[in-house]
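Build out the structure end to end from the sequences listed, making use of the hints.
Chains as they are written, first to last, in the numbering used here: chain A, 54 to 312; chain B, 1495 to 1915.
Just so you know, these hints were derived from the structure itself, not from any lab.
All of these numbers come straight from a predicted model, not from anything done at the bench.
Mixed in with the good hints there might be a few duds.
No farther apart than 20 Å at their CA atoms in a straight line, the calculated lysine to aspartate or glutamate pairs in the EDC-like style are these [what the hints assert, rightly or not]:
no. : chain 1 : residue 1 : chain 2 : residue 2
1   : A       : K215      : B       : E1629
2   : B       : K1498     : A       : D103
3   : A       : K215      : B       : D1884
Cβ-to-Cβ under 10 Å is the rule here; a few derived chain B residues that face chain A [to be verified]:
no. : residue
4   : L1503
5   : L1506
6   : D1508
7   : K1511
8   : K1524
9   : T1543
10  : E1544
11  : K1553
12  : I1554
13  : F1608
14  : K1630
15  : K1841
16  : S1845
17  : R1848
18  : H1856
Examples of chain B residues toward chain A, derived with CB under 10 Å [stated by the list, open to error]:
no. : residue
19  : A1507
20  : E1765
21  : A1850
Glycine is no exception: its CB is placed at the ideal position from the N, C-alpha and C atoms.
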Amino acid sequence: MHFYTYDGSFEGLLTVVFEAYERKAWPTAIEPEQLAQPSMFGETVQVVTDEGKANRVWQGLKKRLSASALESLYYTYLWEQSGLERLIFDYARLVFDSPESVEGNYTAPFVLQVQQIHKQVHREKHRMEAFVRFQKTADGLYYASISPDFNVLPLIVRHFEKRYADQRWAIYDASRRYGVYYDLRQTSFVQLENPGVTPRQQGKLSADQYDENETRYQMLWQVYFDHVNIPERKNPKLHLRHIPRRYWKYLSEKQPRLL
Amino acid sequence: MNDKVIGKLKILADAAKYDVSCSSSGGKRKNENKGLGNAEGMGICHSYTEDGRCVSLLKILLTNFCIYDCAYCVTRKSNDVQRAAFTVQEVVDLTINFYRRNYIEGLFLSSGIFKNADYTMERLVRVAKKLRQEEKFNGYIHLKTIPGASEELIKEAGLYADRLSVNIELPSEQSLQSLAPEKNYSEILLPMGSIKDQLVQAKEESKLFKATPKFAPAGQSTQLIVGATAESDRQILQLSDQLYKGYSLKRVYYSGYVPVSTDSRLSIITEPPIIRENRIYQADWLMRFYGFDVKELLDEAQPNLDLDIDPKLGWALRNRHFFPLEINTADYEMILRVPGIGVKSAKNIISARRFAPLHFEHLRQMGVVLKRAKYFITCQTKSLQRQDFDSEQLRRRILFGEGSVRSALLTQQLDLFRQVG
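The structure is reproduced here in structure tokens:
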């Protein structure tokens, strides 16, 4: 029995794939270091992330997979649910051991599962592109907090860079406690360390930090939202399917009316 | 300025909401000038109203003053409603500030007709021009084309807008004459034809010259009102079919009529025909993505869609001789026609069966709705049912049997009937 631990990074996980092949010792389980329980039986391999090894695995996958399949593997990592290591490992192993491409072989359970995860993560990414609500601060920064189901913040950066090339903006993932900041030239990852506050308060703006017109536009948006609705067609079930309650806390149109 | 804009927004959003188009996709406008916005690729619904419709664009009228008196329209001259008009600058400010906060994908601007068609159209174009040229705005712009506006203005509109639309509203010339005597079909179809010609021309030229200015890259669309007048579903869908084929429309939208008038020329309804509208949309999808011809869905004997079951199931029940279909060998085109199998699962099936013969369990995992599909397919000659049913029995089994739930909308509307009756 071979237990592998890694540092929780994507490169670390790819390094595990490399080590397993080098040792010809297929993992019984792969776990992030901080979660791993010491085992009485078998051998535990503590894999140290190695960029060179990770890159070789990635290049090997690249030769055999399309861009969208590679994306699916990365999305599976960002999915952050338990069992993701196993899925990525099994998928990679199938790729390396099959003479032909395995893409589209939905009769293999983990190929189908990776595709379905891709869909889930993609949907959350798309939701964040839709549900981010920037608030303009007094110093001209457009700021938003989110707490997505999966770790999609790295995936939405490109979208917002292209869209808001001429304004400074920041998006903060309150549940994962990190954010991104675009300064008109480039985007960087940032930490907001403020240990005293709860995740919900963390990164929340108060009205006195607002630009002078911010409240007015939030109000106008609420007015618009209320008046574009057709009461005769009310359909709460459909409404909730599109916009589940857990997203409401960051949506200005779902806050108490300002007018 | 503050309070005035709020008041105007209330009136002019209210007046624009019966236009159901909300699409923001298909634009190819990239942010190349380090300006604001980007409208390439997928559309985004930024929010949803309580009626479950997508909010993608700031959809407003420039004004609801109107010289026309179309019976079905909330903005008609004789209707006693508050009137308002935005200035060009007010619309620009709202659009930019909403867009910067990620509330919207862009602007959908329509208008009541004041003075005359050209005067109105010229104002709409001015808003779009200002957004593009002064604000360097690359977000999505959908402009309504005012019937009767000059060709030059339409041409100019196409330079700034991603999509243009002319609403037909009433699905037959006869209804139009009775409800909107100031309008006629040729006046509506004329700008549609000219937009189509310009689209073709711009495409041809862009093959020759890279720098050809874009003309409405997301194409044109229109809207038909369902249920205000007596047209059958067949008449409506035949018209759509002609519009898709003859005018290369990107979309025809259907708007279940919400009673906004008690005019005696209109059908008397109390509730918007939501289920009917939904069935028509399903049929429209079948025509555009599933390879169905309008003749296969409706004919003289059956001019209206079945409200209880979707049109694809309806077709399958009328055409049992095509089934059962062997999933491991059937053509993609036929697999698409199986009730319970959508475009995505059909593609997955084609892809997966290259590797191994498929079982029902594979299909279920790929997202096929076996509850429906099982009556129409076999997997390696095996079937999931032991009995043969005739179409009527099948219909009942799918609708009521085996714990199948009817669509929430249908139940809702049936409940309403019960309350009334």
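Would you pick out the hints that fail for this structure and give their numbers low to high?
Checked against the structure, the hints that fail are numbers 2, 3, 13, while the rest are satisfied.
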